[in-house]
Structure formats: C-alpha cells, structure tokens
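Peer 1: Spelled out from the first residue to the last, the chains are:
Number of protein chains: 2
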Amino acid sequence: MTERTTGTKVGIIGLGSMGLGMAKAALAAGLDVAGYDVADAQRDALEAAGGRVGTSAADAAQGAEILVVVVVNAAQTERILFGEGGSGAGGGAAAGMAPGGVVVSCATMAPADARRLAASAEAAGLLYLDAPMSGGAARASTGELTFMASGTPAAFDKAKPAVDAMAATVHRLGDEAGIGASFKMVNQLLAGVHIAAACEAMTFAAKLGLDLAKVYEVITQSAGNSWMFENRVPHILDADYAPRSAVEIFVKDLGIVADMGRAERFPTQLAGAALQMYLMTSAAGMGRDDDASVARMIAGVTGVTLPKGED
Amino acid sequence: MTERTTGTKVGIIGLGSMGLGMAKAALAAGLDVAGYDVADAQRDALEAAGGRVGTSAADAAQGAEILVVVVVNAAQTERILFGEGGSGAGGGAAAGMAPGGVVVSCATMAPADARRLAASAEAAGLLYLDAPMSGGAARASTGELTFMASGTPAAFDKAKPAVDAMAATVHRLGDEAGIGASFKMVNQLLAGVHIAAACEAMTFAAKLGLDLAKVYEVITQSAGNSWMFENRVPHILDADYAPRSAVEIFVKDLGIVADMGRAERFPTQLAGAALQMYLMTSAAGMGRDDDASVARMIAGVTGVTLPKGED
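Protein sequence lines correspond, in order, to chains A and B.
If you read the first sequence in this note's numbering, its first letter stands for residue 37, the second for the next number, and so on.
If you read the second sequence in this note's numbering, its first letter stands for residue 37, the second for the next number, and so on.
FYI, nobody ran anything at the bench for these hints, they're computed from the structure.
A hint or two may mislead.
Which copy is meant is left open, because identical chains are indistinguishable; a pair holds if it fits in one copy or across any two.
Derived lysine-lysine pairs resembling DSSO-like cross-links, with alpha carbons at most 30 Å apart [as the list claims (entries may be wrong)]:
1. Lys344 with Lys250
2. Lys344 with Lys196
3. Lys250 with Lys288
4. Lys196 with Lys250
Hey, can you work out the whole structure from these sequences and the hints?
Peer 2: Below is the structure:
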C-alpha cells in the first residue's frame, strides 16, 4: 500500500455497495481513505474511485484513527477486528489502529453482539461507535446515509469526520453500545413485515382481479400505505427483481429478531410469520433477488399472474 | 317525520361516528337529509344537527333519490335494504326509495357481498354504488372522506350530490360493484397488519429498554414507517386507548380477508397472524378499546411496561 497523505486516516473494511459508496463519500470529503474487501472487483473499484487499497483488513486499518466496518453481520465484524491477522487473513484490524482510534460498526446485529464488540474494543484501548445505518447504496455514495448510533461522547467526537462525510442524519441515541443496534432491529422488524405485507396484499389484489397499478395509486394515498409499500411495489409492477436489497438480507435480519425474541422470551408473531415468507422465497431459489420477490413466491404457489409474466 | 323541503332527497341509515358526520356534511351542502339509527342518542344527535329523523330505516329512505347506508357489515346492509320493513322493523328501505334512486353502500364487505347487493338493488329498479370509504369521523363531518368506489356511470352520476358533499377524494375504480369492496379489503389487509406490526415493534422496543418516544421519532423518519405506525403509536405513547377505531373493527375486517382467502384458496399469512393478535386483544377484554390496544395485550402477556403503567 502506498503512503497515506493528508486528512484524517480512515479505514473502511467491506467495499460492497454500501461500503464502496461510503468510501467515495469519505474521499469526496478529503479524508485519507484506505479500504479492503475480500473481492478483487471491489478493491479495484475503490482504486478506480481514487482510494487506496490494503493488502488485508489489517493493512487497510494500519494507523487508522477511524475504522468503519461495513460487513454482513456480527461474526464477520468480530473476525475482522479481533480474528487472526497477517497476510491473506481477514482479521487483526483492531491491533494496528492508531491508539485511541474509533471503530464505527455498521453491520446490523443483535444488541448483545454490539455490546460484546464494544467491550473488546475498549479492552484494546479503542473507542466504539454502534452505528447501524439505513439509506441504501445511492445515498451511501452521496454521503446521505442515516445512522442510528450510540456510544460514548468520545466515540462520537472521534468518529465525527467520517460520520459527517457519510451521513445526512445521525440519530444520537445514547451513550452505550447496543442502543443503536436495538433501534436498527426495531426498524428491521417493521421493514421486513411491511415488505412481506406489501407482497401479500399485491398478490391478493391480483387474485381479486384488480388493476395493480391502480392499487398502487390508491393505497399510497390511503391508510394502508407504508414506506416499504411505496418503495418496493414498483419493483413488482415493473417485474424488476434485480436486487436493490436481497431476500437473504431479511432472512438474516428477521432471523436476528427471532433469535432475540427467543433469548428474551418475547414472541414476535408477525416478524416470525414474515421470516417464514422470506425463507420460502429463498427456498424457491430467489434468495439473491430483490426482496419484492416474496410476491413472486406467493404468485408461484397460488397461480396468480403478476405483471410481465414473471417466472 | 316532518315534510322534506329543498335539495336532493338523501337518506342516511346508520348514524354512528361516520354516518352522523356524513349527514352533517350533507346538510352543510344543502341536501335534504333524513336519517335513521337504532340508537335513540344517535337519532337525537342528527336532530340537534338540523337533520330530520325517520321513525324507521324505511321511513328515512322514503322517496330518497340517494340512500347512504353506513352500517357495520354486509348482513346489516342487506337487512336494511331488503329485510322486513314496517314500524319498528329495521328493513324495507329499498322499496320506498324514489324509482331509479341510488344506494350508496359504505360498509366494508367482501366483494361477493357487494355484487349480490348490487344485483338485488338492480332487480328492484335501483342503482348501486359500491362505495367503501376511509378517513375517520373527523373527516366525515367536514366532508373530506375518501371513497373507493365502483359502479355504473349512471350510479356515479346519481350519487354525485351526496358523494361531492361527503368526500374530498373519490377513487373511481370501475363499472361493476365489487371492485370498490376489493380495494377496500386490500387496504384493510395492509392497515390491519401494520397496526399489529406497530404494536409488536413498540413492545419489542420496550423489552429492549428503549426510549419509546425516541423510537417513534426515529422510525417515522426511517424505512420502517407506515401510515398506521405514525397514526397509532401516539396512542401508545399517551396511554390513550379511547377508541378512535376499535379492536373489533379489525377482528371483523381481517375476518373478511380470512373468509375471502379460504373461499379463494388464497393464503394470507400475515393477515391471518394479525387477526389472531386482534382476537387475543379482544379475548383479553379490550375489544371495544382503540386498536392500538394490541400493544397492551402484548405488554400484558410479556410483562413489559408501556407508558403510564397501563394494565
């Protein structure tokens, strides 16, 4: 990796559609960005965008004052930060950070995992910001994400240059790790149920023989509307199931809700029913397709016709 | 009943919070309104508002060019229109209407019921507008309801003076009865699931120890938002379960969805799960309370604390 030059040193681990966009937003803000991803193509994309690329997660994190971890789940986050390091290995990123640096943890995870990771970071002399986000890839690259964040005032202060570059809105939710994660899980419970409900309602409408474009028009003006109905139903109307967000994301996130509910002895009946619908959709071979594919799954089972004669 | 005076003759059967408001809106528009309700208090309220009161449904409907039926379900609508009439009896309203008059049927019902009622009305020489509505009591009295309506052009034309007086928005959805009812059921499926999801999410948030007012603030700005979340969660935050819309409404409406699903062999998994939550809330003694009481039911089962230490 070439030498870092100017600006706050920021490492970004995970250069998927979100992480790459966040790296671009950080570069645009003049930060000194080094990134890493296991996929060659994603590393190349960062380089093409003007960022520097590490040879490993630990290399990209070397000397970082802020390390943004944008991976799939708590297990990956933990391995990257505290797992075995060295050339070719994915872990060991925390050890090489600047002393007193801050880990900005963006993966959706159970609050208990966020608390455990924060404790490990603090034991290593680092700060930790529990900072799950929402907003999608387009907003990531324009620096307009929303963070649902919690952590010590010192962690917020230290993370500020990166967070300011990446976010339009920062909900500052408390002083302890786990609170941000909890808010994100509440949001994911609702989002996951609402997408599945939109798919159930639109296929029900198809079964009733209704004009589906008209259903969209009427419902978005009615009490049955949701943010997700408004956002996802156009995918069904256009028969466009290219993944903006994949079915597997909600298999994962409603799975976390289900795990939390079991651990806490707290039933989540609708989230549980919705999880089964995402699982059925994944089982039918659409796990990597857009989450509006729940409608295709229901249509496939029931024989109703959706726009443009999908599968 | 005193003599009618000026304006189009409009009968309104059912003077609950919706029907009474609609009668007021029709009076404000200068229509010649006569109403009937089985409850003395509701008839008195119409009289106090300047409307005329019939001695029976048939009496209020006598000579009406437009008869608006705003009752609970298809069975009541059918009995009022075509059931046995006479003094003290609830039925026989269709027979006394002006020839070629229009029935405006507002109850939420299965599309098959709407089609059957329309056929009966047509056999009696009447027009029929399948016109379920949304908007609540406040909007009813200001003439700002939304109708999801279908029927022949002649039915729309004939109903126009009353519909114009009562509605801010009329979705004109097709030429046949049953289409309006179908749209309404799709809306109710979503609305019912979204209220139950809001209650599940808020009690889950309480279990996680979150600041519930902050949850409301964050979620209403996030992808987890819904029209119902935004509207009903304040009831939970204020511990105010006075019924704006009662639990029993969704026991009924999701029950219709369930019946339709069984008849059509079309599974509605989320609506089915939500129906059980409303049933549990009703079984726990809260059937006549606000539908946000689903949160109280979950709190009661799980032991979480909601604002102001409700039951």
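Peer 1: Hint by hint, work out which the structure violates, then give me just those numbers in ascending order.
Peer 2: 2
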